[in-house]
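Work out the full structure, taking the sequences as your base and the hints as a guide.
Next come the chains, spelled out residue by residue.
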Amino acid sequence: MGNQIVNGRDASASPSKNADRDRLEFGNAWAYAPSLESTDHIRIPARHELFIGGKWQAPKSGVYFDSTSPSTDEKLSEFAEANAEDVDLAVQAARTAYDKYWGKMRGSERAKYIFRIARAIQEKTRELAIIESMDGGKPIKESRDVDMPLSAAHYFYHAGWADKLEYAFQGRKARPLGVAAQIIPWNFPFLMAAWKIAPALACGNTVVLKPAETTPLSAMWLAKIFEEIELPPGVVNIVTGAGATGEALARHPGVNKVAFTGSTDVGKKIQALLAGTKKRLTLELGGKAANIIFADAAIDQAIEGIIGGIYFNQGHVCCAGSRLLVEESIHDLVVDKLRDRIATIRIGNPLDKNTDIGAINSRKQLDKITRLADAGERDGATRFATKCDLPAKGNWFPPTFFTGVSQSSVIAREEIFGPVLAVMTFRTPEEALEKANNTMYGLSAGVWTDKGAKSLWMSQRLNAGVIWSNTYNKFDPSAPFGGFKESGFGREGGRQGLRGYVEID
Amino acid sequence: MEVGKAVKRVIDRVSAAEWQPPKGRLPVGKTYKMFVGGAFIRSESGRTFQVSAIADVSLADPATVNVPLGSRKDVRDAVLIAKNAQPAWWGRSAYNRGQILYRLAEVMEARREELTQSLVRGGADKTAQSEVDSAIERTVYYAGFCDKVAALLTTQSPTGGPHFTFSVAEPMGVVGIVAPPQPALLGLVSSVLPVIAGGNTCVAIASESDPRTSVLFCECLATSDLPAGVVNVLTGQAADLGVQLAKHRDVAGIDLWSDSNELRMQVERDGAESVKRVTTHDTMPTERWIDSAVGQGLGWVERFVETKTVWHPVGL
Amino acid sequence: MNLSVRVDQVSLEERASALATRSLKKASKVFGLRLAVSMMDLTTLEGKDTDGKVEALCYKAMLPSPRDRTVGHCAAVCVYPNLVSVAKRTLRDSGVLAASVATAFPSGQSPLDVKLHDVRRAVEFGADEIDMVIDRGAMLSGDYAKVFDEIAAVKQACGAAHLKVILETGELGSYDVVRRASDIAMSAGGDFIKTSTGKVQPAATPAVTLLMLHAIADHYRKTGKRVGMKPAGGVRTAKQALQYLVLVKETLGDAWLSPNLFRFGASALLNDVLMQLEKERTGLYPSIDDFSKD
Numbered sequence: 006m007g008n009q010i011v012n013g014r015d016a017s018a019s020p021s022k023n024a025d026r027d028r029l030e031f032g033n034a035w036a037y038a039p040s041l042e043s044t045d046h047i048r049i050p051a052r053h054e055l056f057i058g059g060k061w062q063a064p065k066s067g068v069y070f071d072s073t074s075p076s077t078d079e080k081l082s083e084f085a086e087a088n089a090e091d092v093d094l095a096v097q098a099a100r101t102a103y104d105k106y107w108g109k110m111r112g113s114e115r116a117k118y119i120f121r122i123a124r125a126i127q128e129k130t131r132e133l134a135i136i137e138s139m140d141g142g143k144p145i146k147e148s149r150d151v152d153m154p155l156s157a158a159h160y161f162y163h164a165g166w167a168d169k170l171e172y173a174f175q176g177r178k179a180r181p182l183g184v185a186a187q188i189i190p191w192n193f194p195f196l197m198a199a200w201k202i203a204p205a206l207a208c209g210n211t212v213v214l215k216p217a218e219t220t221p222l223s224a225m226w227l228a229k230i231f232e233e234i235e236l237p238p239g240v241v242n243i244v245t246g247a248g249a250t251g252e253a254l255a256r257h258p259g260v261n262k263v264a265f266t267g268s269t270d271v272g273k274k275i276q277a278l279l280a281g282t283k284k285r286l287t288l289e290l291g292g293k294a295a296n297i298i299f300a301d302a303a304i305d306q307a308i309e310g311i312i313g314g315i316y317f318n319q320g321h322v323c324c325a326g327s328r329l330l331v332e333e334s335i336h337d338l339v340v341d342k343l344r345d346r347i348a349t350i351r352i353g354n355p356l357d358k359n360t361d362i363g364a365i366n367s368r369k370q371l372d373k374i375t376r377l378a379d380a381g382e383r384d385g386a387t388r389f390a391t392k393c394d395l396p397a398k399g400n401w402f403p404p405t406f407f408t409g410v411s412q413s414s415v416i417a418r419e420e421i422f423g424p425v426l427a428v429m430t431f432r433t434p435e436e437a438l439e440k441a442n443n444t445m446y447g448l449s450a451g452v453w454t455d456k457g458a459k460s461l462w463m464s465q466r467l468n469a470g471v472i473w474s475n476t477y478n479k480f481d482p483s484a485p486f487g488g489f490k491e492s493g494f495g496r497e498g499g500r501q502g503l504r505g506y507v508e509i510d
Numbered sequence: 166m167e168v169g170k171a172v173k174r175v176i177d178r179v180s181a182a183e184w185q186p187p188k189g190r191l192p193v194g195k196t197y198k199m200f201v202g203g204a205f206i207r208s209e210s211g212r213t214f215q216v217s218a219i220a221d222v223s224l225a226d227p228a229t230v231n232v233p234l235g236s237r238k239d240v241r242d243a244v245l246i247a248k249n250a251q252p253a254w255w256g257r258s259a260y261n262r263g264q265i266l267y268r269l270a271e272v273m274e275a276r277r278e279e280l281t282q283s284l285v286r287g288g289a290d291k292t293a294q295s296e297v298d299s300a301i302e303r304t305v306y307y308a309g310f311c312d313k314v315a316a317l318l319t320t321q322s323p324t325g326g327p328h329f330t331f332s333v334a335e336p337m338g339v340v341g342i343v344a345p346p347q348p349a350l351l352g353l354v355s356s357v358l359p360v361i362a363g364g365n366t367c368v369a370i371a372s373e374s375d376p377r378t379s380v381l382f383c384e385c386l387a388t389s390d391l392p393a394g395v396v397n398v399l400t401g402q403a404a405d406l407g408v409q410l411a412k413h414r415d416v417a418g419i420d421l422w423s424d425s426n427e428l429r430m431q432v433e434r435d436g437a438e439s440v441k442r443v444t445t446h447d448t449m450p451t452e453r454w455i456d457s458a459v460g461q462g463l464g465w466v467e468r469f470v471e472t473k474t475v476w477h478p479v480g481l
Numbered sequence: 003m004n005l006s007v008r009v010d011q012v013s014l015e016e017r018a019s020a021l022a023t024r025s026l027k028k029a030s031k032v033f034g035l036r037l038a039v040s041m042m043d044l045t046t047l048e049g050k051d052t053d054g055k056v057e058a059l060c061y062k063a064m065l066p067s068p069r070d071r072t073v074g075h076c077a078a079v080c081v082y083p084n085l086v087s088v089a090k091r092t093l094r095d096s097g098v099l100a101a102s103v104a105t106a107f108p109s110g111q112s113p114l115d116v117k118l119h120d121v122r123r124a125v126e127f128g129a130d131e132i133d134m135v136i137d138r139g140a141m142l143s144g145d146y147a148k149v150f151d152e153i154a155a156v157k158q159a160c161g162a163a164h165l166k167v168i169l170e171t172g173e174l175g176s177y178d179v180v181r182r183a184s185d186i187a188m189s190a191g192g193d194f195i196k197t198s199t200g201k202v203q204p205a206a207t208p209a210v211t212l213l214m215l216h217a218i219a220d221h222y223r224k225t226g227k228r229v230g231m232k233p234a235g236g237v238r239t240a241k242q243a244l245q246y247l248v249l250v251k252e253t254l255g256d257a258w259l260s261p262n263l264f265r266f267g268a269s270a271l272l273n274d275v276l277m278q279l280e281k282e283r284t285g286l287y288p289s290i291d292d293f294s295k296d
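Chain order of the listed sequences is A, B and C. Each residue of the first sequence is one higher than the one before, counting from 6 in this note's numbering. Each residue of the second sequence is one higher than the one before, counting from 166 in this note's numbering. Each residue of the third sequence is one higher than the one before, counting from 3 in this note's numbering.
Just so you know, not all the hints are guaranteed correct.
As the list claims (entries may be wrong) - The list that follows gives simulated cross-link-like pairs (lysine to aspartate or glutamate, DMTMM-like), each with its CA atoms no further than 20 Å apart:
1. K90/C / D115/C
2. K224/C / D341/A
3. K224/C / D384/A
4. K459/A / E333/A
5. K392/A / D256/C
6. K227/C / D341/A
7. K195/B / D390/B
8. K440/A / D384/A
9. K456/A / D178/C
10. K148/C / D115/C
11. K198/B / E209/B
12. K456/A / E435/A
13. K273/A / D45/A
14. K412/B / E427/B
15. K80/A / E54/A
16. K248/B / E471/B
17. K109/A / E302/B
18. K479/A / E16/C
19. K479/A / E15/C
20. K295/C / D53/C
21. K117/A / E471/B
22. K117/A / D221/B
23. K224/C / E491/A
24. K392/A / E252/C
What the hints assert, rightly or not - Negatives, chain B to chain A, calculated, CB over 12 Å:
25. V179
26. L224
27. K238
28. K313
29. D415
30. Q431
31. P450
32. S457
33. L481
Just so you know, these hints were derived from the structure itself, not from any lab. Every residue, glycine too, gets a C-beta built ideally from N, C-alpha and C.
Spelled out as structure tokens, the structure:
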């Protein structure tokens, strides 16, 4: 599958001027047989309640909603929809836990609880990866090799801070904030929970977490882990639901801190909602990152960086390198190589170990990607995509890139949050910089050059919270992550990430 | 303490008339060996010294056992092994080193009772339990420190002009440790862990008065995921082996805990020949070691790291 | 010829490891393993080689799997020049080629005329393929013209015989230099580029092979000429062999999935591949003693 490239407009056109170049053929001389991760040991309960005060509680709302698998359209389970009353119970439980024990507990004791969480995740990593792929559509190799190990690492890392906060804020005393309301997105459900929960707990806060409504399943497994490791009741509470639940949580007067990861639109609403409340806020929002390729870069490795930068997790990544800025002298070569490279990308069943791109998370998101890609074509750009046999059911979008994209085109400006790359050119470093910074976002950027001084020159001038040089989409709990400008404020990870969860004298 | 002398005879010798067979079965004793390169070895000298129990405990060993008397050549071999193990240990990710130390804490927790009994046998008595608990907590503490050290010791220097200048902490290499006689477990744990958390490897000389508990700790090390050669523990005379460490040119730093002015002086003097980073300390009561404000911290790691400053141009 | 193509080690090795996670099951595994057998250059390059040893190897190459004769023959038998005639005589018209190392293998530290004579004699003895070594000293001291000229001269001396150019990547120090050597070898007329003599560690690795495949792809894009690839030394298990084939499939595509354009230089690999094939065929784990040790 996925071995021919078609041009959206004219199947015979070449992406570059070198139409007569000899093409590599990526056919089916040797096809990979399906290699499915076994799911027969996974038991998903038909219904999930709310996890409040260490107990599973039916929602006061009496309402449940379905979560379906985006790769099969099958219903996986139903989840309680928390209303304001449920949210209130959760906040109360978190408050009680904070006041009675968690807020006062010695850091070294908190640390040991968090270490236990990390260990339990390591032990269950395969099972967690499977349900994450079933619920969210991401390829098993990513949930298995990225989401779960990184999640465990985040708990490990922050466990280590719990008894060392005096070093994180030297000479100043750090105190927890109280109850943290944490609202997380659907692109990395389990990992985003880790990014939020681990620092909050390490600093002595208690938590009410609201997972995204399309991907609540792994959060339920996380709650089971909390039960298993005997985390004191109420330290982490999990309320499921959609936007209204999130809003009720952010609004709740008993909340001391709101941490949100999601779209810039919603982030702005939350920020406005919190005006005048003295609640602390951190936001990790959208992005439209420039991935800048200089002619002196290691090109074949840069190609991998471009591919990983945009197609990782179906492009559902806030820091995705969705704008490719290529030095004009190597544009044709890069495009040729990209074309060859995407021919080998395998799209399909997320549970197949050889799948590179899984299912688009929801129908709604698929529609948005489709609409924006079509708009790109209307704006005059040329589309290239792998022609692959997509499964009959589920939400799919082939890996796609556009050439001839103007800086003003919608696909160069709006966050698509899908496997769609806009290719543009530049002539000088100054021009690359100007184009890269010409956006309301500022989450991340990539710079590819063999010249160290140039890489640092660019890094100093790019308005983005994370700069990847000769690499892309690298994450580590010890490395702070977060945005400039409308990509949000506050950092997650590293010493800096703790700052969002403490008051310091 | 004089080597070869029993500290105290717990079990009085009895006459044939009085002797009773042991209740149940006769326990199997243990051969105590030094821990070098991930293996338990005897001294190349073939010599041992005797260690006797101070209190009667339920552990299997007889009250008096023979422990290897480490020699100059044992020090030489152990230093070489530590030196060869160091690049790979530092080459692991900080996260991985932390995971390994956490695993060590898990293994120690599982042997908590045995470690406590062993300390009691060695004379620690009332403080034994809290010493062991503190040793486990300390191991967890350093497990969580491996990947924080860089964040706390790295600096960026605003040198101005077109340069990006930063300084990072790097390990020194092989560190020689002479653990205090007491507390036999916590003294060793507290001095070894910060050294390896910083990316060094070490050769430690175990408590001379209670080497048995040190060997038990080595058994924990051996069953954790710690790579061979990262921690090497020799038993024998601290005064002799400490000086051998100080005279070895491949040893980059020395941490010496001793009340002997003479020994401290000699190690400092011998260490000067290869410009070793030598720190010497008087011993402390166990309560002080247990106190986390005294017995652990970034300063313990910082003693055995080097600062490396890197300048890089910024330009096109 | 662009001699300044850069390679980034970290990213290259990441990609090689990522491709190593491809999961090959059932039919695709069997297909891959059979393909691997057909690509093998069974090799013996020892001072103690004798006619008997080489004959045994030739029989193995012609009929690797007597239990399952649907498994085809290997690609070639690779020996020192003195044993080429033995190989040729044994292999006859089996389809298995006789390959010879030459050019003062493995060090290459002899005068050019001696190296060329070495090549001509091997061809006279009947070698279908010549595996030469480049002058690593010249490569590392920056005398690229010398490296190029020697390869070109050897190519000429080969006549109709195919030329495989051994870069000895384990001695070149960095991926940048391996890339440069690959480009020189292809431009100078090499039909194959090959990682190693097998006498130096590290020999073939997935990362160095991947980078050489990238060089081959670029050469093809520029010239339309398909150059072959031969990792040698270090490929010992069926699993590793499949991982190399995945690199080929996903970097160069279908055309290179053929013994004409891809070879394994190996001695211990064949039996492990045969064992896995036998396991797939019978469903039972065979013993290593079920296979002849030659």
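Right, here's what the structure says about each hint:
no., hint, in the structure
1, K90/C / D115/C, "25 Å, violated"
2, K224/C / D341/A, "12 Å, holds"
3, K224/C / D384/A, "33 Å, violated"
4, K459/A / E333/A, "17 Å, holds"
5, K392/A / D256/C, "17 Å, holds"
6, K227/C / D341/A, "17 Å, holds"
7, K195/B / D390/B, "23 Å, violated"
8, K440/A / D384/A, "18 Å, holds"
9, K456/A / D178/C, "14 Å, holds"
10, K148/C / D115/C, "14 Å, holds"
11, K198/B / E209/B, "11 Å, holds"
12, K456/A / E435/A, "16 Å, holds"
13, K273/A / D45/A, "43 Å, violated"
14, K412/B / E427/B, "16 Å, holds"
15, K80/A / E54/A, "16 Å, holds"
16, K248/B / E471/B, "16 Å, holds"
17, K109/A / E302/B, "18 Å, holds"
18, K479/A / E16/C, "12 Å, holds"
19, K479/A / E15/C, "15 Å, holds"
20, K295/C / D53/C, "16 Å, holds"
21, K117/A / E471/B, "31 Å, violated"
22, K117/A / D221/B, "34 Å, violated"
23, K224/C / E491/A, "44 Å, violated"
24, K392/A / E252/C, "16 Å, holds"
25, V179, "47 Å, holds"
26, L224, "28 Å, holds"
27, K238, "39 Å, holds"
28, K313, "6 Å, violated"
29, D415, "31 Å, holds"
30, Q431, "35 Å, holds"
31, P450, "22 Å, holds"
32, S457, "8 Å, violated"
33, L481, "5 Å, violated"
This entry does not satisfy hints 1, 3, 7, 13, 21, 22, 23, 28, 32, 33, going by the numbered hints stated previously.
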